[in-house]
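Enquirer: So the chains spell out like this:
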Amino acid sequence: DQQVKQNSPSLSVQEGRISILNCDYTNSMFDYFLWYKKYPAEGPTFLISISSIKDKNEDGRFTVFLNKSAKHLSLHIVPSQPGDSAVYFCAASLNYGGSQGNLIFGKGTKLSVKP
Amino acid sequence: DSGVTQTPKHLITATGQRVTLRCSPRSGDLSVYWYQQSLDQGLQFLIQYYNGEERAKGNILERFSAQQFPDLHSELNLSSLELGDSALYFCASSALGSEYNEQFFGPGTRLTVL
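Chains as they are written, first to last, in the numbering used here: chain L, 38 to 152; chain Z, 7 to 120.
There is no bait here: all hints are sound.
Taking beta-carbon pairs under 8 Å as the criterion, some of the chain Z residues facing chain L (in silico):
#1 F51
#2 A62
#3 F96
#4 N107
#5 Q109
#6 F110
#7 G114
Source of the hints: derived by calculation from the structure; they are not laboratory data.
This one's a predicted model, so the numbers in the text were calculated from it and none came from an experiment.
Beta carbons are placed, not taken as given, at the ideal position from N, Cα and C, and that holds for glycine.
Required output: the full structure, derived from the provided sequences and hints.
Expert: So, in structure tokens, the structure goes:
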């Protein structure tokens, strides 16, 4: 049973417009939600995260919104650039004993930003 | 560059064989995690070590084992390999009390079992 779901396998956006990537989760005990970006033949690269006690976190062009009642989070990229084209993974973690737990990943959304 | 290194980058072997994947975490990171990425399953957590001790286990097969050494590097051992073990294997590390709770991933080892 998937605890973290990304229902859109792909998304295509025009350069300069907003990209919105969505993610749903089932476990209300998750402490943190993270977004990773992945290029082929490379490891995932951390983009931005949000604590479960917040509803928004912003870092430059990237903003993550968390809606706990809906168990939903989204990543907004504004403005989108061709270099943003990659696979984006949503992940959640359950921390315990003062250390970070493992990440539970969605299956990813492939973003294509067209010039 | 995440600061996490993994060797080898590619590994091609035959069914029934045993291989060892190696990971060096970022300097100072005590936690090491292993993940498997296969085509249909996405990124799946295998096992976590913290300062030399096993901390958590995920979907790790009994044919797989891991350890973390005193210098904090980690090895993932895969034995009696099957075709279905072909995948990308990632190692990640994290620091205690990180503000963003992030894990830093290495470039991965691509394992091909023929």
